[in-house]
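Student: Heads up: the protein sequence lines correspond to chains A and B, in order. Under numbering that gives the first Met the number 0, residue 820 is the last one in the first sequence; the count climbs by one each step, no gaps. Under numbering that gives the first Met the number 0, residue 434 is the last one in the second sequence; the count climbs by one each step, no gaps.
Just so you know, these hints were derived from the structure itself, not from any lab. One or more hints might be untrue.
Result set (DSBU-like, lysine-lysine): computed pairs, CA atoms no more than 35 angstroms apart in a straight line [as the list claims (entries may be wrong)]:
#  : chain 1 : residue 1 : chain 2 : residue 2
1  : B       : 430       : A       : 135
2  : A       : 770       : B       : 197
3  : B       : 430       : A       : 676
4  : B       : 239       : A       : 44
5  : A       : 339       : B       : 239
6  : A       : 793       : B       : 430
7  : A       : 95        : A       : 152
8  : A       : 770       : B       : 409
9  : B       : 430       : A       : 33
10 : A       : 95        : B       : 31
11 : A       : 794       : B       : 409
12 : B       : 358       : A       : 760
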Amino acid sequence: MKLLVLFATTSATAITPEQSTFFEAKIRPVLAEKCYTCHSAEAEKVKGELLLDTREGTLKGGENGPAVVPGDLDKSLLISAMRWHDADTGMPPKNKGGKLADSVIADFEQWVRMGAPDPREGVSKVTKSYDPEAAKSWWAYQPITNPTVPQPKDAAWAKTDIDRFALAKLEEKGLKPVGDADEATLIRRLYLDLTGLPPPTDVSTENLIDRLLGTRQFAERWARHWLDVARFAETTGRDVNVTTPEAWRYRDYVIDAFHEDKPFDQFIREQIAGDLLPDRGDADRAQKLIATGFLAVGPKALNGTDPRQFAVDLADEQIDAVSQAFMGMTVSCARCHDHKFDPISQRDYTALAGVFLSTDTRFGTPGGVQGRNASNLIEVPASAGLKTLDRRMDPSLWASKKAEYDGLVVRRDAALASRAPGAPQTSGEQMSGFDMVRLITRTKQVEMEIIAFNEDGSLKPRVMGVLDKPATAPVARRGRMNTSTGGPNSRGRRSSGFEAIADSPLFVRGSIDKESDAVPRGLPEFIAHGTKLEIAPGTSGRLELANWIASPQNTLTARVTVNRVWQWLFGRGLVESVDNFGASGAQPSHPELLDYLARQFVADGWSLKKLIKRIVTSRVYQLDTRYDETNSTTDPDNTLLWRMNTRRLDAETIRDAMLSASGLLDPTPQAGSIVAKAGDGPIGGERFQILNEEMISQANGRYRSLYLPVARNVQPETLAVFDFTDPSVVLGARETTIVPPQALYLMNSDFVSTQAEAMAKRVMAESSFEKRFSLASRLAYGRAPLAEEITAAKKFSRDDLASWTGICRALFASADFLFLN
Amino acid sequence: MNRRHFLQNTSLGFGWLGLSALAANAAAKSSKRVIFLCMRGAPSHVDTFDYKPKLIADTGKPGTRAGTQLLGSRWKFSQHGRSGLWMSELFPELAHCADDLCFLHGMQTELPAHPQAYLRMHTGSSQFVRPSLGAWTHYGLGSMNENLPGFITITPPSGFGGAQNYGSAFLPAQHQGTRIGAEKRPIANAEMANLKPKLNAAAQRTELDLVQALNRAKLAREQHDPQVEGLIESFELAYKMQGEMPTMMDLNKESEATKKLYGIGEAVTDDFGRKCLLARRMVEAGVRFVEINHGDWDHHRSLGTALPASCAEVDRPLRALITDLKSRGLLQDTLVIWGGEFGRTPHAEGQDGRDHNVKAFTMWMAGGGVKGGFSHGRSDDYGYEAVDGQVSIYDWHATILHLLGLDHEKLTFSHAGRDFRLTDIHGRVVKEILA
């Protein structure tokens, strides 16, 4: 309809015979020959949503705006594309023959000046793959409803409201839920889901759910879920993969938050803007700074040669993490163009980018040749009482390194001065560029070695996090080259240009070389439903952004959160695309239930523990995993919840459950990790010997998996083999694969053998084969053995340590251990 | 886990996903497998395969970067084979294969820093975490031998993006590369993780039978459970892999003549020779994509001694690999690719070195689907910048996929709300080199 209206308004202009002749002779043949392949209804694939085969299409233009503005050469994109300034925007593209003859371009210029007379009739059939207008009606952008709890026909079955929502749907389809899980199965399910550890052999069911929710093991288990979402890692990843030895503090902050059941809205606000929240003293402020580590622990390409590009990429990564983690939105799709599926424009993106470009991210990595984009950490006062690792530097070593550093600085500065334009040839050391780089690297390296320590050799309390940039930029330094940034591709840029709080320019097609007007900092217009960001003067706007995200009015945040919790308990979200609530994501299987849970969650003060309890006390959660042919025919994927899903244990749980069964588990929380203890340096290569890839991939120990190092690009084998998260992306639902390398690991690895042997010794303390196997079964499966299992084991066993080790290893390799029923 | 998911994520789901990307033109000659010989550190093109007589003549004159001097190659170039390809004397052995080689003299990449360019070459992006070329290939074509990994990478570096260079990123995990060995450690001692059984064969089989008895009992109780079926299958596959991998890795199965051909047993060529022979054994056994890493070609200094040393390590094994593949009838559907992450400057760095150059470098291909004895593209008279037949990394990726019968615009994977490609929104198949 809209197109027809447009057509009507543009067709009215009459054209003269001369104009028509000109068009037919000079313009149409060129369009047909050079443009229609990609820009006509006949094109195999229309590029840039631009059709040039009708007058209407030409005037309307494509994704970048009108192709021709009659009479206005400067505003006619067709003309500027034909003038061919560069390979990105020049038309026709290089591989289609490149720039046209100047005379042809002159014809087109003349045509536009004439008013672009165009006899072609017809409506452009722009088959837009997606309509952002329509996307506004997408369910996730509508306010959270207050659904009435349905009254299913079978009034006796439901234990909770959750059950009523689920049963009502099942009844609609004529399905009946399977029976309840037996007690042993349910106890194992609760233990593993809530704490990530198997039940003890002398388990008591009294007040079980509340007891489990109160343990630190619960917090450790659920913190790990959140760390997947927060793409937490202790190295920078991407190109040079440098360690961030203070990242573990954020991990511990998350554990503490889950342990004390910090209201989730507060948890969100602290992670985005903890530095801007009021605090109750130094210790509290330190925790809130650590919370903002969420924004600092993401992947980054430290070796990037252009500081401006680095800054823009860092902000982009933060936008991506914040929007996906808290709201399930892929906002960073709009970095280079308006979002293809969701009502988020490039302007909306830029409005958010300004907030993060006004933020000073302190990730704390050494500089030098492979880490051009260094940043300091945030030092916190001793009064904050932060624990530091017992990593120390000998005071005399510190003193000698300090002396070395002072000497290096003098040499470096002199050498740099001698290279400055107009410097006398004789000043400073004459050295090759290569040696120069080595000198700078060494200086930075020594600086980073000593900066982490006090003069007495103790580690300084420092944290990763963010702060607002200053309200106004300091006066630029002059006359000295800052060589820790910049490089062959930085076009001589020495700094990012984002020194102070400011709005971000819109980068055309996401390119930092094509800046357009600045966009005021703010919220994505549509998903904010008209809410404006009232940014306090002189601040970045992060606090206001955090408040908006953590608000009950936000249509996404509470839904996304309860849905992830559901996914962590059922193996599948009510919305299957847990990290994508946008229009390219999924519809909820139970929209009313989702909204009911979201509302209750907010009403319960955003309490995660109450939400979890609400779910695990439902009868739906407590169903058996039994197969049912009738139900399966109608609903093979169990989207309607007629049974509990069988789930393979995740990587951490498999490892922790083995350690539990063997009795070797050390449940003590670990301070730091091997990355934290190693200090600063790049993983991989020869410069950093304290910690190499091998040490990370082979990292083990007897403590819980949560405390293993989390590095990007290389992960502990015990976790990697079972689909550990990719810590470079926000991930609310891990992949589950079942592949031969896992079988090889279970059959042949040292770790599994060690656990199996320790478990074998443990069960052999019992007096008979039956008692031994019974204990083994309870340790591995959390239940008494079945007759067929006893038979199989008996056939295998010679009742010696080797056989029992084999039996225990076989139990670890079997489905009833690896899966959660 | 629904059925589609299940098939994607277990060993049963061998690569049917990429089928829609198979190029429409099935008649086109296409390769079935790839051996990528990755020369980490960036070899000098002007000293090896890109003959620049004017550069040699103008040695000592000012280079384009202020204060530099042009440095012509000190190694003699001559023409080889019936095709008359120019190659320098640093590759006397490979020169015998001139008529099989297809030079891409117009290669270009973006950032003149090793980690970025190395990642770009492997994944198309240094800015974002993306699946690697080998993972995309395996995703597109699947496995040819279920008892073996479909994508193996031999002695990759731990830096320069590390495991991302053979990772699967958001593609399902079974498409990621299996690493054997590590850079700077001899391949002769390398093993695949957890491949060696703790028990003798009989004892292990008995234990495995217990595992399977427990799992079959479970399956019987559940009536229907594809995950348990998948688990049972994965153990059998692992067991076969455990038998087949060591055989594939065992170079003692080869004749003395073959080992000699590859230069195995001779100090200079032993390591790379072993890698090449392993690669041949792997593709022969049905591995889809094999990458061999060889470093370090980053010759900022001592070009005069270090470059010939690097070349000598690979020259004879390269010839051996091509001839051996050919004599076994494998070369016609195996794509062999050679090259590094960028090239080097025509001007000298210091007295005897060359700096990074992203605007022109040479890579070559041989085998399935490419013209032999052919040169495509041209750099300027000094080798600073490609002036004709430019090939970007996207184009290079598009061409490799095309040679494997895959359409780079259709080989997509849906992730985080959109379809991703190896070539993002770029890439042009270099049709000029297609046989």
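Student: A separate judgement is required for each hint: does it hold in the structure or not?
Tutor: Quick rundown of the hints versus the structure:
| no. | hint | verdict |
| --- | --- | --- |
| 1 | B/430 to A/135 | 44 angstroms, violated |
| 2 | A/770 to B/197 | 27 angstroms, holds |
| 3 | B/430 to A/676 | 53 angstroms, violated |
| 4 | B/239 to A/44 | 46 angstroms, violated |
| 5 | A/339 to B/239 | 47 angstroms, violated |
| 6 | A/793 to B/430 | 65 angstroms, violated |
| 7 | A/95 to A/152 | 67 angstroms, violated |
| 8 | A/770 to B/409 | 59 angstroms, violated |
| 9 | B/430 to A/33 | 20 angstroms, holds |
| 10 | A/95 to B/31 | 30 angstroms, holds |
| 11 | A/794 to B/409 | 53 angstroms, violated |
| 12 | B/358 to A/760 | 65 angstroms, violated |
Hint compliance for this structure: hints 1, 3, 4, 5, 6, 7, 8, 11 and 12 are not met, and every other hint is.
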